[in-house]
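Sequences listed follow chains A, B and C, in order.
For the first sequence, my numbering assigns the number 10 to the initial residue and increments by one for each residue that follows.
For the second sequence, my numbering assigns the number 1084 to the initial residue and increments by one for each residue that follows.
For the third sequence, my numbering assigns the number 3 to the initial residue and increments by one for each residue that follows.
Please note that a few of the clues may not be correct.
[As the list claims (entries may be wrong)] Facing chain A, according to a computed beta carbon distance under 10 Å, are these residues of chain C, among others:
no. : residue
1   : G40
2   : G52
3   : R72
4   : V78
5   : G79
6   : Y85
7   : H90
8   : G100
9   : R112
10  : K114
11  : M116
12  : A144
13  : A150
14  : V151
15  : N154
16  : L157
[What the hints assert, rightly or not] Below, computed lysine-lysine pairings styled on DSSO-like, alpha-carbon distance capped at 27 Å:
no. : chain 1 : residue 1 : chain 2 : residue 2
17  : C       : K171      : C       : K89
18  : A       : K192      : C       : K89
19  : C       : K108      : C       : K89
20  : A       : K192      : C       : K299
21  : C       : K89       : C       : K105
22  : C       : K265      : C       : K299
[Said to hold, decoys possible] In silico contact screen, one side only, chain C against chain A (beta carbon under 10 Å); selected entries:
no. : residue
23  : Q74
24  : N77
25  : R147
26  : L270
Everything labelled a hint here was simulated from the structure, so no lab data went into it.
All values derive from a computational prediction rather than experimental measurement.
C-beta atoms are modelled at their ideal positions from N, C-alpha and C, and glycine is treated no differently.
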Amino acid sequence: MQYLLRFVAVGYIGLLILVPLFVVAQKTFENGASKVWEALTDETMVHAFQVTAYAAAHAVVINTVFGVGVSILLVRYRFPGRRLLSLLVDLPLSVSPIVAGLALVFVYGRTGWFGPALDSLGYQVIFAFPGIVLATVFVSLPLVVREIVPVLEEIGTEQEQAATILGANAFQTFHRITLPSIKWAVAYGVVLALARSLGEFGAVKVVTAGGVAGRTQTVTSLVEQRYGEFDELSAYSASLVLAAASILCLVVITIIRPASDKKSSDKKK
Amino acid sequence: MSARTGKVWSLLGRGRRRRSKGDGAALARGSSLGLGVATIWLSLLVMLPLAAVVIKGTGNGWTGFWDALSNPSTAAALRLTVSQAFLVTAVNVVLGTVVAWVLVRDEFPGKGLIDLVIDVPFALPTIVAGLVLLSLYGPDSPLNLQFANTRVGIFIALLFVTVPFVVRAVQPVLLELDRDVEEAAASLGADRFTIFRRVVFPNLIPAIAAGTALAFARAVSEYGSLVLISGNLPFKTEVAAVRILSLNENDNPAGAAAVATVLLFVAVVTLLAIDGLRRWAVRRG
Amino acid sequence: MGISVRNINKNFGDFVALDDVTVDIESGNLTALLGPSGGGKTTLLRIIAGLEQPDSGVIEINGTDTTWLRPQQRNVGFVFQHYAAFKHLSVFRNVAFGLEIRKVPKDQIRTKVMELLELVHLDQFADRLPAQLSGGQRQRMALARALAVEPNVLLLDEPFGALDAKVRKELRDWLRRLHDEVHVTTVFVTHDQEEALEVSNEIVVINNGRVEQIGSPDELYDHPANEFVMGFLGPTTRLGGRLLRPHDIEVTAEATTGAVEAKVDRLLRVGYEVRIDAVRSVPGGEDELTTVQLTRKEAGHLDLREGDSVWLSPADGATVAAG
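So that you can see chain A by itself, here it is in the shape it has in the complex (with noise of 0.2 Å):
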């Protein structure tokens, strides 16, 4: 029994994750490495990746000021419509990316709700940067805020009222009692958002309307493009890097949770 559910567990990730995985590897490499290297430093590759780098950088900084504030928020004060607010920042965990996008071109788009007046004072989002960037932030905003939530909870506010008592205001009690407690939540939830930031594609696809290459185009938008003009060597090349980075991001996670998990049992350095 135990030796079967064994083989069911390995085969099914295995089939379903791991060997496709390697495939994939393999089938990139499949006409040498320096071919590869040829289609990423491709004009356009290079500035897909700029665009994506950017976009991610952005949405991983709003979201991480805004995430250990809405976490202290949520934790530390009643208020009336607190599980409103709890309600909307999970949102975006369960909603498509494509309605998201949808969404905000609705409101941000040249006919949407805030588009003419927009438009008017120069500015534009959709098709454009910050576009990218809010369609970014709304797809990983909840990462942060999950992550915090429950060590916030689990420190209790003991540490904060002793840091009062012995004269911190509410800033030194926040930055050297409050942060550092969660400091690994946060370094966590930073990951994630950013595993998540560089590999969106849905909801940035639609504030881009695809993107246009070398302007607005992400690197998840152009493997779409690349593979549906058969140039499959660009695609999976593309692809690969987004892979590593974001195993890379799985593998820095398993390392910062021993980590945090350790840190008040371990020795001092």
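Use these hints to put chains B and C onto chain A, whose structure you have.
Below, chains B and C without anything else, positioned relative to chain A:
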């Protein structure tokens, strides 16, 4: 990324804090500013856009909404999406629980790798996931399997992206389960299957249900991993998310919004269901 | 001077935590707030510290009205029940925290912290993290941290509650001696009457949000203001409807004036003492059970067996509750 989905309901937990007037004055000023900024930001980013979807989708009244959904090819896409989501969720409930069980209760070389790999579908960009699957099951498949542009392809892609949900929901609960109870049941003469059915399984129900809800919601809303492998053939392999996009591109934003409203509804119901499950699990102790 | 608590009221929703509480704590005293859990003593301590605000009433510390001051401005030392150690900071940095906030020069911090760590016998643990300390050591670190800022008053919430019996005993003696050395006005909360009697030189008994009695340990033990205080401070039993201490009952084999007859129901020797459960039938009422505590020697003289008849009377100068 282990146990990530296990935290889904922890977000709505309660922290205790007694507000005091003295330091509350300064805190209240700072915190209401924070609350204001958070509310504005969330409104601009999440609430208003999603409200726009619902308003556009139902702008022509219920009949307009209903007409949009009963357009033959839209209806076919919704039917396909929901039926595939059910199928995939069912498979993952069983196999996900098995995988979680093996990861917690079994020891074998390579277990760590399997544990890490479970999270790959979470982290892997969806378009890359689609391409990865296509390389194995597509036109020049090394296994000589041809699932591109078929419903089997959709099924496999959805299995891939929803694998982690049940596993990661069940795993932490199984880890924390008190082994004494099982030993007690064994000492009372229960065999292993009976122990699982009568002692272990009831404890896993909330976690399995939460994982199921998340997996279903993900399957219903999936786009990126399907766009390459499904071929997007109307009436055959066009799923809801793809349908939204094609409606929008064909200058029918109201139709797109109507379908999007359905997906949004599924998303909200999922979150509320998970919240309800968490409360239920807490009440049960 | 010291701490003056006047007419403090505090409700949590419908629950009355403190009901018109007035207490004066003299400068330099070591005062115990004693009472059952949920009685309001921790709330009072937190109000003195500024962690809670009273609904009405006034708190003065060393003559200054601090009722509406923020905790940061009160300069009190507070030791939490579970220590509230800053988990990410070393023992040294924990103790230095308040001084760093006050921007004291680094070399002065160093001197002061090492002095305090020596005082609490933690000088060789300065670089450890709180997680690497035992419960008692963490408690002493929390104390040093609270003392570092030279507080006007030192407040301790159930300081020994989370420790095991042996360590608790050591720390009690140690707190007593520390107070003799540092001499800061100290208030601690406890639900353990033995702890209050042993450590403090003044006890405030609080129950159901009200002050039941204030006095020295001897006063409270010998002249309890009411039956609650008497019952809370030590074992009690009933004889002829009166509340007495079990060791304040005289046992004789023959009738004496004022004594009542009872039957020995159970004899139990516990170490150096002998406990007698004697039952007296009350005409038209329930039987009365009286527990008497004798020394082994006294019990030996009486040579009692279960079932024997004995005569019980209150000893001369027996403690009785006033009111």
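Status of each hint after checking the structure:
Evaluation of the G40(C) hint against chain A yields a violated restraint, the C-beta minimum of about 19 Å exceeding 10 Å. Taking 10 Å as the C-beta contact cut-off toward chain A, the hint placing G52(C) at the interface holds, the least distance being around 7 Å. With a least beta-carbon distance of about 8 Å to chain A, the hint placing R72(C) at the interface is held under the 10 Å criterion. Hint status for V78(C): holds, given a least beta-carbon distance of 6 Å to chain A, under 10 Å.
Interface restraint check: G79(C) against chain A, minimum CB-CB distance 8 Å, threshold 10 Å, status holds. Because the beta carbon of Y85(C) sits about 8 Å from the nearest beta carbon in chain A, less than 10 Å, this interface hint is met. Annotation: H90(C) was flagged as interfacial toward chain A, and the flag holds, the nearest CB pair being 4 Å apart, inside 10 Å. For G100(C), the interface hint holds, the least distance from its beta-carbon to any beta-carbon of chain A being 4 Å, beneath 10 Å.
About 18 Å separates the beta-carbon of R112(C) from the nearest beta-carbon of chain A, more than 10 Å, and the hint is not met. Hint status for K114(C) relative to chain A: violated, with the closest Cβ pair at about 14 Å, above 10 Å. The interface hint given for M116(C) is violated, since its Cβ lies 18 Å from the closest Cβ of chain A, which is over the 10 Å cut-off. Satisfaction of the interface hint for A144(C) is found here, the shortest Cβ-Cβ separation to chain A being roughly 8 Å, below the 10 Å cut-off.
Because the closest C-beta pair between A150(C) and chain A is about 8 Å apart, less than 10 Å, the hint holds. The interface hint given for V151(C) holds, since its Cβ lies 6 Å from the closest Cβ of chain A, which is under the 10 Å cut-off. At about 12 Å, the closest approach between the beta carbon of N154(C) and any beta carbon in chain A exceeds 10 Å, and the interface hint on this residue is violated. Because the beta carbon of L157(C) sits about 9 Å from the nearest beta carbon in chain A, less than 10 Å, this interface hint is met.
About 26 Å separates the Cα atoms of K171(C) and K89(C), which keeps this hinted pair within 27 Å; it holds. Note on K192(A) and K89(C): the hinted pairing holds, with a Cα-Cα distance of about 13 Å set against a maximum of 27 Å. For the suggested pair K108(C) and K89(C), the alpha carbons sit about 22 Å apart, so the restraint of at most 27 Å is met. For the proposed pair K192(A) and K299(C), the alpha carbon gap of about 66 Å is over 27 Å, so the pair is violated.
Taking the CA atoms of K89(C) and K105(C), the gap is near 22 Å; set against the 27 Å cutoff, the hint holds. With a CA separation close to 20 Å, the supplied pair K265(C) and K299(C) stays within the 27 Å bound. Satisfaction of the interface hint for Q74(C) is found here, the shortest Cβ-Cβ separation to chain A being roughly 5 Å, below the 10 Å cut-off. Satisfaction of the interface hint for N77(C) is found here, the shortest Cβ-Cβ separation to chain A being roughly 8 Å, below the 10 Å cut-off.
The interface hint given for R147(C) holds, since its Cβ lies 7 Å from the closest Cβ of chain A, which is under the 10 Å cut-off. The beta carbon of L270(C) is not positioned within 10 Å of any beta carbon in chain A (closest approach about 43 Å), and the interface hint is therefore violated.
In this structure, the earlier hints numbered 1, 9, 10, 11, 15, 20 and 26 are contradicted, and the remaining ones agree with it.
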